[in-house]
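K.L.:
Residue strings, one per chain:
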Amino acid sequence: MTAARPLDRLPPGVGVEPPELSLILSQERINDYAEASGDHNPIHLDPDFARAVGLPSTIAHGLLTLAAAAAPLERWSAGVAHVSRVSCRFSAPVPSGDRISGQPQVKEAGPGRMVLALEVRNGSGEPALTKAEMELRSL
Amino acid sequence: MAFNPECLGRRYEAGPQIVDRERHRAYLNAVWQGADWEPSRPLATFASVYLLWPIVPLLFSDPEVDLDLPRLLHGEQDFWFDRPIRFGEQLTPRGEITRAEERRGMVFLELTCKGQDEEGRDVAHSRSLFLVRSAT
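In the order they appear, the protein sequences are chains A and B.
Quick note on numbering: the first sequence equals residues 1 to 139 in our numbering.
Quick note on numbering: the second sequence equals residues 140 to 275 in our numbering.
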């Protein structure tokens with residue numbers, strides 16, 4: 001049995017800074033996510049419906065925004081750690097076609113464990129995800 | 140019928156879910172188009188597919204809760220895991236309404252889900268807070 005690998009310098013070879021987030025949540029991507037996830041709520045898919053409930057347009061699923069922000073960090077830590085927790089508050093909508101952006105930060109790091117804070121803004125610069133965190137534990 | 144705050148404690152169970160690699164591939168392609176990466180384990184947020192989403196339609200269609208779905212927002216989400224989840228394993232999701240209240244015309248509804256593995260252990264967890272805006 002091998003001892004758990006420490007995460008205080010995780011992950012090796014990629015530097016200290018987690019990868020920056022910058023990508024567009026297009027309607028095509030939202031449609032694909034609806035198919036893949038099974039969440040066909042019309043506020044994500046039907047512009048007329050979205051406007052009828054007071055939204056300017058269709059909006060991305062909150063869970064798509066979270067997943068898009070979290071996936072690159074999972075790749076960043078792959079082979080060294082697994083995600084033991086991921087959480088957030090959905091604070092502002094991300095209209096379809098918006099670019100989401102952010103720079104994750106290492107919030108805590110210690111033997112066997114690391115917590116990343118995920119800052120994600122929508123195309124208007126509003127915080128789309130707040131209190132967003134990902135906890136990693138060594139494999 | 141209006142929202143029923145006495146729905147607190149209502150429970151839901153879905154059939155066993157396979158953590159399916161093919162479905163995960165479609166999910167990853169949607170989440171991260173052009174990702175040149177095949178992870179060895181499912182993304183953490185893939186729990187939305189095998190744990191949360193099998194339960195949510197049961198909640199949303201429950202006449203005892205009677206949510207105003209067009210005005211529903213997903214306010215918070217938390218997934219956590221007691222061990223790494225593997226492709227091909229089978230988990231059985233169960234959900235429970237763990238908060239149900241109405242304040243100043245806004246409904247706060249918390250759904251907590253657990254995914255039980257084939258050994259009977261709860262290994263994947265989800266907490267979702269849904270908000271329903273007032274119609275006025």
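Hints listed in this document are in silico derivations from the structure and should not be mistaken for laboratory results.
In this text, a Cβ means the ideal position worked out from N, Cα and C, and glycines have one as well.
The reader is advised that the hints may include incorrect statements.
As the list claims (entries may be wrong) - Residues from chain B that keep clear of chain A, each with C-beta distances beyond 10 Å, as calculated:
{"no.": "1", "residue": "Asn168"}
{"no.": "2", "residue": "Pro202"}
{"no.": "3", "residue": "Glu203"}
{"no.": "4", "residue": "Leu208"}
{"no.": "5", "residue": "Glu215"}
{"no.": "6", "residue": "Gln216"}
{"no.": "7", "residue": "Asp217"}
{"no.": "8", "residue": "Gly227"}
{"no.": "9", "residue": "Met245"}
Stated by the list, open to error - Quick list of in silico lysine to aspartate or glutamate cross-link-like pairs, DMTMM-like style, CA-CA up to 25 Å:
{"no.": "10", "chain 1": "A", "residue 1": "Lys131", "chain 2": "B", "residue 2": "Glu249"}
{"no.": "11", "chain 1": "B", "residue 1": "Lys253", "chain 2": "B", "residue 2": "Glu145"}
{"no.": "12", "chain 1": "A", "residue 1": "Lys131", "chain 2": "B", "residue 2": "Asp221"}
Unchecked claim - So the derived label-pair ranges between C-beta atoms look like this:
{"no.": "13", "chain 1": "B", "residue 1": "Phe199", "chain 2": "A", "residue 2": "Ala52", "range": "12 to 22 Å"}
{"no.": "14", "chain 1": "A", "residue 1": "Pro19", "chain 2": "B", "residue 2": "Arg164", "range": "39 to 49 Å"}
{"no.": "15", "chain 1": "B", "residue 1": "Gln229", "chain 2": "A", "residue 2": "Gly79", "range": "18 to 28 Å"}
{"no.": "16", "chain 1": "A", "residue 1": "Thr130", "chain 2": "B", "residue 2": "Arg242", "range": "31 to 41 Å"}
{"no.": "17", "chain 1": "B", "residue 1": "Glu258", "chain 2": "A", "residue 2": "Pro56", "range": "30 to 40 Å"}
{"no.": "18", "chain 1": "A", "residue 1": "Glu17", "chain 2": "B", "residue 2": "Cys146", "range": "38 to 48 Å"}
{"no.": "19", "chain 1": "A", "residue 1": "Glu20", "chain 2": "B", "residue 2": "Glu241", "range": "18 to 28 Å"}
{"no.": "20", "chain 1": "B", "residue 1": "Leu212", "chain 2": "A", "residue 2": "Glu20", "range": "22 to 32 Å"}
{"no.": "21", "chain 1": "A", "residue 1": "Val106", "chain 2": "B", "residue 2": "Phe199", "range": "33 to 43 Å"}
{"no.": "22", "chain 1": "B", "residue 1": "Pro223", "chain 2": "A", "residue 2": "Ala117", "range": "16 to 26 Å"}
K.L.:
None of the hints should be skipped; say for each whether it holds.
P.N.:
Each hint, compared with the structure:
1. Asn168: Since the minimum Cβ distance to chain A is about 7 Å, Asn168 of chain B lies within 10 Å and the statement is violated.
2. Pro202: holds (19 Å)
3. Glu203: holds (21 Å)
4. Leu208: violated (8 Å)
5. Glu215: violated (5 Å)
6. Gln216: violated (6 Å)
7. Asp217: violated (4 Å)
8. Gly227: Label holds. Min Cβ-Cβ 16 Å, cutoff 10 Å.
9. Met245: Label holds. Min Cβ-Cβ 15 Å, cutoff 10 Å.
10. A:Lys131 / B:Glu249: holds (17 Å)
11. B:Lys253 / B:Glu145: holds (22 Å)
12. A:Lys131 / B:Asp221: OK: Lys131 of chain A and Asp221 of chain B at ~22 Å, within 25 Å.
13. B:Phe199 / A:Ala52: 12 to 22 Å: At roughly 18 Å between Cβ atoms, Ala52 of chain A and Phe199 of chain B fall inside 12 to 22 Å, so the hint holds.
14. A:Pro19 / B:Arg164: 39 to 49 Å: violated (22 Å)
15. B:Gln229 / A:Gly79: 18 to 28 Å: holds (25 Å)
16. A:Thr130 / B:Arg242: 31 to 41 Å: violated (20 Å)
17. B:Glu258 / A:Pro56: 30 to 40 Å: Violated, since Glu258 of chain B and Pro56 of chain A (Cβ atoms, about 48 Å apart) do not stay within the stated range.
18. A:Glu17 / B:Cys146: 38 to 48 Å: holds (45 Å)
19. A:Glu20 / B:Glu241: 18 to 28 Å: violated (41 Å)
20. B:Leu212 / A:Glu20: 22 to 32 Å: holds (28 Å)
21. A:Val106 / B:Phe199: 33 to 43 Å: holds (38 Å)
22. B:Pro223 / A:Ala117: 16 to 26 Å: For Ala117 of chain A against Pro223 of chain B, whose Cβ atoms are near 22 Å apart, the range 16 to 26 Å holds.
This entry does not satisfy hints 1, 4, 5, 6, 7, 14, 16, 17, 19, going by the numbered hints stated previously.
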